[in-house]
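Visitor: Spelled out from the first residue to the last, the chains are:
2 protein chains.
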Amino acid sequence: MTQSWVTGANRADCDFPLSNLPYGVFEVSGRPPRCGIAIGDMILDLTELVTNGLLTGDDYGFDRPALNHFMAAGPKAWETVRNRVTDLLADGGSAELRENVALCRQALVPQATAQMHLPIEVKGYTDFYAGRQHAFNSGSILRGPENALTPNWSHMPIGYNGRASTVVVSGTPVRRPLGQTLPGGSATPVLGPSRRLDIEVEFGAIVGLPTELGQTLTVDEAWEHLFGFVLLNDWSARDIQRWEGQPLGPFQSKAFATSISPWVVTRAALEPCRHPAPLRDTELLPYLHENAPYFFDITLEAHLTPADTDRASRIVQTNTTHLTYSAPQLLAHHALSGCRMQSGDLLGSGTISGPERHNFGCLMEQSWGGRDEIALEHGGSRKFLEDGDSVTLTGWGMVNGQRIGFGRCEGQILPAPQQIGKAG
Amino acid sequence: MTQSWVTGANRADCDFPLSNLPYGVFEVSGRPPRCGIAIGDMILDLTELVTNGLLTGDDYGFDRPALNHFMAAGPKAWETVRNRVTDLLADGGSAELRENVALCRQALVPQATAQMHLPIEVKGYTDFYAGRQHAFNSGSILRGPENALTPNWSHMPIGYNGRASTVVVSGTPVRRPLGQTLPGGSATPVLGPSRRLDIEVEFGAIVGLPTELGQTLTVDEAWEHLFGFVLLNDWSARDIQRWEGQPLGPFQSKAFATSISPWVVTRAALEPCRHPAPLRDTELLPYLHENAPYFFDITLEAHLTPADTDRASRIVQTNTTHLTYSAPQLLAHHALSGCRMQSGDLLGSGTISGPERHNFGCLMEQSWGGRDEIALEHGGSRKFLEDGDSVTLTGWGMVNGQRIGFGRCEGQILPAPQQIGKAG
Chain V
1 MTQSWVTGAN
11 RADCDFPLSN
21 LPYGVFEVSG
31 RPPRCGIAIG
41 DMILDLTELV
51 TNGLLTGDDY
61 GFDRPALNHF
71 MAAGPKAWET
81 VRNRVTDLLA
91 DGGSAELREN
101 VALCRQALVP
111 QATAQMHLPI
121 EVKGYTDFYA
131 GRQHAFNSGS
141 ILRGPENALT
151 PNWSHMPIGY
161 NGRASTVVVS
171 GTPVRRPLGQ
181 TLPGGSATPV
191 LGPSRRLDIE
201 VEFGAIVGLP
211 TELGQTLTVD
221 EAWEHLFGFV
231 LLNDWSARDI
241 QRWEGQPLGP
251 FQSKAFATSI
261 SPWVVTRAAL
271 EPCRHPAPLR
281 DTELLPYLHE
291 NAPYFFDITL
301 EAHLTPADTD
311 RASRIVQTNT
321 THLTYSAPQL
331 LAHHALSGCR
341 MQSGDLLGSG
351 TISGPERHNF
361 GCLMEQSWGG
371 RDEIALEHGG
381 SRKFLEDGDS
391 VTLTGWGMVN
401 GQRIGFGRCE
411 GQILPAPQQI
421 GKAG
Chain U
1 MTQSWVTGAN
11 RADCDFPLSN
21 LPYGVFEVSG
31 RPPRCGIAIG
41 DMILDLTELV
51 TNGLLTGDDY
61 GFDRPALNHF
71 MAAGPKAWET
81 VRNRVTDLLA
91 DGGSAELREN
101 VALCRQALVP
111 QATAQMHLPI
121 EVKGYTDFYA
131 GRQHAFNSGS
141 ILRGPENALT
151 PNWSHMPIGY
161 NGRASTVVVS
171 GTPVRRPLGQ
181 TLPGGSATPV
191 LGPSRRLDIE
201 VEFGAIVGLP
211 TELGQTLTVD
221 EAWEHLFGFV
231 LLNDWSARDI
241 QRWEGQPLGP
251 FQSKAFATSI
261 SPWVVTRAAL
271 EPCRHPAPLR
281 DTELLPYLHE
291 NAPYFFDITL
301 EAHLTPADTD
311 RASRIVQTNT
321 THLTYSAPQL
331 LAHHALSGCR
341 MQSGDLLGSG
351 TISGPERHNF
361 GCLMEQSWGG
371 RDEIALEHGG
381 SRKFLEDGDS
391 VTLTGWGMVN
401 GQRIGFGRCE
411 GQILPAPQQI
421 GKAG
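Note that the protein sequences, when read in sequence, are chains V and U.
Every letter in the first sequence is one number past the one before it in UniProt numbering, and letter 90, counting from 1, is 90.
Every letter in the second sequence is one number past the one before it in UniProt numbering, and letter 174, counting from 1, is 174.
Hint data in this document are derived by calculation from the structure and do not stem from the laboratory.
Heads up, a few of these hints could be off.
Copies of the same chain are indistinguishable here, so a pair counts whether it falls within one copy or spans any two.
[To be verified] DSS-like mimics (lysine-lysine), calculated; alpha carbons at most 25 Å apart, straight line:
#, residue 1, residue 2
1, LYS383, LYS422
2, LYS383, LYS123
3, LYS123, LYS422
4, LYS422, LYS76
5, LYS123, LYS76
6, LYS76, LYS383
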């Protein structure tokens, strides 16, 4: 495995070795937000490469505060840049950057000094429900195990449009939402802060290459349209969701915040983590057929840190292999109606739950609808989130003992507003 | 009522008198798309006013191909521009434009020569379900009259996130979508063109002034954030909707196209059309209380023209007074969770149906779930739309015998694609 000359990139516990090269948008003092690539402990400033003639050719818009322009350039462009940056950062590769000390000082920025922004302008956010265990668990809690899965679930990826305007980058605090809920035994709703605030551990796919209005995609074509992947925490207010959710689906219960990791790990980087489709109990319609393994083997974890401690307790351990529908299947189904797909569309997998309790990807499942306390390994317990709690998602694939990591996706819960409107 | 010196503006059948002044984005040969105001048969090019010093002060971005920048400037700016343009176009007002023949020729463009674009960059599209008759009718068709309304319906505006990327301007053809449907009596879905393609006659509200993440709004504050209104046709594939819609709500069945009128009629123009709230059978929670009449009295019609004729048959006649929740109530509820609202968010009212069959705002209701044929006044009948059908929405308020009109919102149905993917 090729090593990099950049500090930290070859450490076994590093998320960002030479074979990863995820994209993000960063800001350091004196430079407006712009696109960069994580390598070891550093960020490679792509605008500096362009300015200094080390990255030539098309204008990929790396000086913009979002990857959308570059993503729309398509797979050939993505490959060209990846190959060039790999060469510049590899031991034994081109010396143009490595041996230019002044440029290195300018173009390599310590991650510790950078503020990360949303990596993409999120054009549309669609959240699916593509993991069978989660669909079965949440259906069982709401409707009992015999009615857990609606009949459509086994035939297509069920999804809904989420709220794009409140997708936020890791580190953004999450204010507990106000909403209508129906107290147990009551026929009349009340207004107040959600009392059942939850996480959802998800895997987010990002559309790079857009489609035209009316254009459809095969699964194989959809694969080529995908640029990369992020960690995604779809914060959810279960009590608001329960009251509002019928007949049109979740709305304000999931509109207050959705956190994503600042680094977009590309499809190319995850190539060695590809994984075959799960056994399915239903034959899918031909438009959802897969001609290749389009799943990934990515370990996902969530840790919770209460406000009064700095010790993080692991609360979820799961894996993307528990999904039933792959990212290109989600995209092919999304485009089936002729729905225009945009560079910067974010497709959430839905909560990813494995077979055991500690593999369940949200607190509602782990506490089985709020029935059971979830013990935290460093003391205390939870059914749902409390004010001051921080939740951190991490994720990685393993390739020859090296992590292809996603960094962190975290958020801390702030108390709900005291009042409605300007006074609040 | 003040008259205008512009051709056609004072005709009784004109949608765009001096008291209207709706905003749109137009293109004529030789000029890039830009913002304008409809007056009579003409469009006032606001960039020409700015360039020639007739509209001074802040930069409202009228040379851009969307109103978002101007809308974000807020109610004071909207009032300033409206007052100035009224003065320039009124009989007896400022002569600066009227008596400058060369500038008139440059700044007043015949609507007949202009191509209209989407008036706004649609940031988010949220569709509600705010009319009781429609909610009751469609619930009755699906679940029977005793279960027609879910218990939450009377306590809050039920809505879902729609697909913003496929909101299109009037005149854009609408391709019949492919999708999964479940044939009657079958347990296995099939793929094919929707056979139950429908319209939904709606009233769209456009958010002008944005909110911050975590900010909530009272209904009175929400009113101030609303810039204007459009006609909206939420094309729907009922057979796809029926199969996909549970448990997460409509998705691909409404993702292929949503048409809006090119002209945004401002809140100021509709001031004389304000209407009190309907009697409700349920006391709303205080955050939804209204301190003023926030409804409008706007007549809405839909006409259908089959491919083999040019005679349009009126199929729907309804009115926005049939809504149960007002636009500022929709917005206040939308922001309740702290959801960030954006300049350019579009809020659909949901289908507006009145008490009689011909007042029902979609074909599913008029044909009662496809049971009855709907006779067309100029011959033929429909249960749902056929390829080649054109549907046109119109709408207007009446003030002292003068129309405050919305122009037209139309679309023609194209056949479904023959194949999936590039080959299709």
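Visitor: Confirm or reject each hint.
Guide: Status of each hint after checking the structure:
1. For the homomeric pair LYS383 and LYS422, neither the shortest alpha-carbon distance inside one copy (32 Å) nor that between copies (49 Å) is at most 25 Å.
2. Taking the shortest alpha-carbon separations for LYS383 and LYS123, neither the intra-copy value of 34 Å nor the inter-copy value of 36 Å comes in at or below 25 Å.
3. With identical chains, the CA atoms of LYS123 and LYS422 are at most 25 Å apart between copies only, with a shortest distance of 23 Å across copies and 28 Å within one.
4. Taking CA atoms no more than 25 Å apart as the test, LYS422 paired with LYS76 passes between copies only; the shortest distance there is 18 Å, against 49 Å inside one copy.
5. Proximity of LYS123 to LYS76 under the C-alpha cut-off of 25 Å is restricted to the intra-copy arrangement: shortest distance 22 Å within a copy versus 29 Å between copies.
6. Proximity of LYS76 to LYS383 under the C-alpha cut-off of 25 Å is found in neither arrangement, the shortest distances being 47 Å within a copy and 48 Å between copies.
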